[in-house]
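> From first to last, the protein sequence lines are chains A and B. First residue of the first sequence? That's 1 in my numbering, and the numbers climb one at a time after it. First residue of the second sequence? That's 1 in my numbering, and the numbers climb one at a time after it.
Hints were generated in silico from the structure; no laboratory data involved. Beta carbons are placed, not taken as given, at the ideal position from N, Cα and C, and that holds for glycine. Wrong hints could be hidden among the right ones.
Stated by the list, open to error - Here are some chain B residues pointing at chain A (derived, C-beta under 7 Å):
(1) R150
(2) D153
(3) R154
(4) V156
(5) G157
(6) I193
(7) A195
(8) P197
What the hints assert, rightly or not - Between beta-carbon pairs, the in silico distance windows are:
(9) N166/A - M183/B: 28 to 34 Å
(10) S148/A - E206/B: 35 to 41 Å
(11) E206/B - N166/A: 56 to 62 Å
(12) D163/B - G208/A: 25 to 31 Å
(13) P270/A - A147/B: 18 to 24 Å
(14) S98/A - V146/B: 25 to 31 Å
(15) M183/B - S148/A: 32 to 38 Å
(16) K111/B - A187/A: 55 to 61 Å
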Amino acid sequence: MTSEFPVPTSISEIPASVPAPMSEPSEPEPSESELKEPGSNSIAETDFGRAVEATGGATTRAPEMGAVPQVRFRSEGGKLLLLLPPEKQITTPATAWSDLWQQLKQRLNSGERFWQPNTVVYLIAHDRLLDGRQLQAIADTLTEAKLSLRRIYTSRRQTAVAAATNGFSVEQQIPIAHLMPEAVGSALAEPLYVETTVRSGVEIRHPGSVIVLGDVNPGSSIVADGDVVIWGALRGVAQAGAAGNARCVIMALRLDPTQIRIADFVARPPETPPHQYYPEVAYVTAEGIRIISAAEFSKDRLWMPE
Amino acid sequence: MSRIIVVTSGKGGVGKTTTTANLGMALAQRGHKVAVVDADFGLRNLDLLLGLENRIVYTAVEVLAGECRLDQALVRDKRQPNLALLPAAQNRTKDAVTPDQMKKLVGALTKAFHFVLIDCPAGIEMGFQNAIAPAREAIVVTTPEVAAVRDADRVVGLLEANDVKRMYLIINRLKPSMVEQDMMMSVKDVQDILAIPLLGVVPDDERVVVSTNRGEPLVLGADAQSKAATAFENIVRRLEGEKVPFLDLNPPQEDFFSRVRRFLQGRKS
Numbered sequence: 001m002t003s004e005f006p007v008p009t010s011i012s013e014i015p016a017s018v019p020a021p022m023s024e025p026s027e028p029e030p031s032e033s034e035l036k037e038p039g040s041n042s043i044a045e046t047d048f049g050r051a052v053e054a055t056g057g058a059t060t061r062a063p064e065m066g067a068v069p070q071v072r073f074r075s076e077g078g079k080l081l082l083l084l085p086p087e088k089q090i091t092t093p094a095t096a097w098s099d100l101w102q103q104l105k106q107r108l109n110s111g112e113r114f115w116q117p118n119t120v121v122y123l124i125a126h127d128r129l130l131d132g133r134q135l136q137a138i139a140d141t142l143t144e145a146k147l148s149l150r151r152i153y154t155s156r157r158q159t160a161v162a163a164a165t166n167g168f169s170v171e172q173q174i175p176i177a178h179l180m181p182e183a184v185g186s187a188l189a190e191p192l193y194v195e196t197t198v199r200s201g202v203e204i205r206h207p208g209s210v211i212v213l214g215d216v217n218p219g220s221s222i223v224a225d226g227d228v229v230i231w232g233a234l235r236g237v238a239q240a241g242a243a244g245n246a247r248c249v250i251m252a253l254r255l256d257p258t259q260i261r262i263a264d265f266v267a268r269p270p271e272t273p274p275h276q277y278y279p280e281v282a283y284v285t286a287e288g289i290r291i292i293s294a295a296e297f298s299k300d301r302l303w304m305p306e
Numbered sequence: 001m002s003r004i005i006v007v008t009s010g011k012g013g014v015g016k017t018t019t020t021a022n023l024g025m026a027l028a029q030r031g032h033k034v035a036v037v038d039a040d041f042g043l044r045n046l047d048l049l050l051g052l053e054n055r056i057v058y059t060a061v062e063v064l065a066g067e068c069r070l071d072q073a074l075v076r077d078k079r080q081p082n083l084a085l086l087p088a089a090q091n092r093t094k095d096a097v098t099p100d101q102m103k104k105l106v107g108a109l110t111k112a113f114h115f116v117l118i119d120c121p122a123g124i125e126m127g128f129q130n131a132i133a134p135a136r137e138a139i140v141v142t143t144p145e146v147a148a149v150r151d152a153d154r155v156v157g158l159l160e161a162n163d164v165k166r167m168y169l170i171i172n173r174l175k176p177s178m179v180e181q182d183m184m185m186s187v188k189d190v191q192d193i194l195a196i197p198l199l200g201v202v203p204d205d206e207r208v209v210v211s212t213n214r215g216e217p218l219v220l221g222a223d224a225q226s227k228a229a230t231a232f233e234n235i236v237r238r239l240e241g242e243k244v245p246f247l248d249l250n251p252p253q254e255d256f257f258s259r260v261r262r263f264l265q266g267r268k269s
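Model the full structure from these sequences, guided by the hints.
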């Protein structure tokens, strides 16, 4: 797998930062390299839990383009805001709607526990173009999940007209500044809590931490600007600190990922899987990504010189 | 209330059509009125497996176009009068029908049949969307291979998103001896990932190929005593709600010499 990449013999040869977004094929691939356990030249069991083939290569933040649009719910003052991604993140309109639709279903299926029946929903459509049929579909789906769509906020005239003709209460203009403090070097969003099995083909992106109650299967990916916490098995791709924060961690009850990324670092699991899995935490040290048993993690972090 | 079940897998060649044919036949043998619907427009196979190819006059497309009545297109099986096939058009593509039309067709079938089994095409495009649109339950077929399981996982996600919430898993073509030697994913490995209720495990069996070529479902022919046929019959009983213990698929205990041979081979490698 690494044949096309230079394999540095010492850590110092690892490039500090090579821009390599993961969803942009035109850009160079992340340079991968095998990292050794600190103080030894071979990959072996050490104090760091199990042996990890970590790679200190680099990814910079993947641009949002080409990524699956992310539908989000946020609660505010007892209401639920349904946030649609802005139009500019979309590639083609046809796939955009079906992606959006699937995302909405997944979000509804995975968070049901967190709202009472008949919670009021405000749809924040941004500049997204929605026709009457699509608005009705969203409303029906929300009704099925025992939520009630009360009002639609949009900055597109067409969407506003479509909403009004379908009998929804609309607010055009951009009145949502107080509801949507737009990110200007902002703090992380509140954690996203999903209760579902994240299956192949699903991508969860969130500008904060992501907590998954369930398994993350191969073929799926989780991209979080904060930490990734998985109460289940991590078998897919996980990226923590996607905005560049190398102090973010990835933790899972069973860490068996396709690949993990933290900030600018990439690591893949060793060729030979361990005989037994236990809860583990992946974090970044000066030498790249390290994995340690969850039980040891806090202890170790305490006397780690930062 | 009749049951509408789609048989799907994502990946091709894992045994969707074989499963549909055998389950349809086994259900019919147990006295249910069964319609099997081929949703694989342009690449239909279900008629071959059932041996009904030469009796097709009209297809679903003609029914939808109003060129014939639904019961004219239905091909009744002579060997098993409880079973009927609604064939797909071979000269069309998946875009020839829409999800709404499929819903209408299947809706009409439920008036006369207890079970409607829909044979889904491979892939997750239009043909898949058409096939799952009318379904209320789904049988996900996979083989114990990484690629098949990965695709099955994707399909489970899509089914969930499309409100087909009742799903069952069939693991097809398992080779117990390979599993034992840790060369093939085990039932548990597959279940760990897919996490949906297991409906049955069908062992790999050469006789399936023979029955497929002959157009005679395994559960019907002379091989009805084979383990694969028994597995299909058990699946049908589980579909009916009966609790049936899983077949013991472990290979017969090997004799002393082959055990020694394997031990020595293991040492060499």
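> Is it true that M183/B and S148/A lie within 32 to 38 Å of each other by Cβ?
With Cβ atoms ~54 Å apart, the hint is violated.
> For D163/B and G208/A, compare the CB-CB distance with the range 25 to 31 Å and indicate the outcome.
holds, 29 Å
> Note whether the CB distance of P270/A and A147/B lies within 18 to 24 Å or breaks it.
Given a distance of about 22 Å, which is inside 18 to 24 Å, the answer is holds.
> With a cut-off of 7 Å, does the beta carbon of R154/B approach a beta carbon of chain A closely enough for the hint to hold?
holds, 4 Å
> Measuring from the C-beta of D153/B to each C-beta in chain A, is the shortest one below 7 Å?
holds, 4 Å
> Quick check on G157/B please, does its C-beta sit within 7 Å of some C-beta on chain A?
Given a least distance of 4 Å, the restraint on G157/B holds.
> Assuming the hint says 56 to 62 Å, is it satisfied by the Cβ distance from E206/B to N166/A or not?
holds, 59 Å
> Close enough to count: is the Cβ of A195/B nearer than 7 Å to one in chain A?
With a minimum Cβ separation of about 6 Å from chain A (threshold 7 Å), the hint on A195/B holds.
> Between K111/B and A187/A, is the Cβ distance one that fits in 55 to 61 Å?
holds, 59 Å
> That 28 to 34 Å hint for N166/A and M183/B (C-beta), does it hold up?
The hint (28 to 34 Å, Cβ to Cβ) is violated, given that N166/A and M183/B are roughly 58 Å apart.
> Between S98/A and V146/B, does the C-beta distance stay in 25 to 31 Å?
holds, 27 Å
> Was the hint right that R150/B lines chain A, CB cutoff 7 Å?
holds, 5 Å
When the structure is compared with the earlier hints, violations turn up for hints 8, 9, 10 and 15 and for no others.
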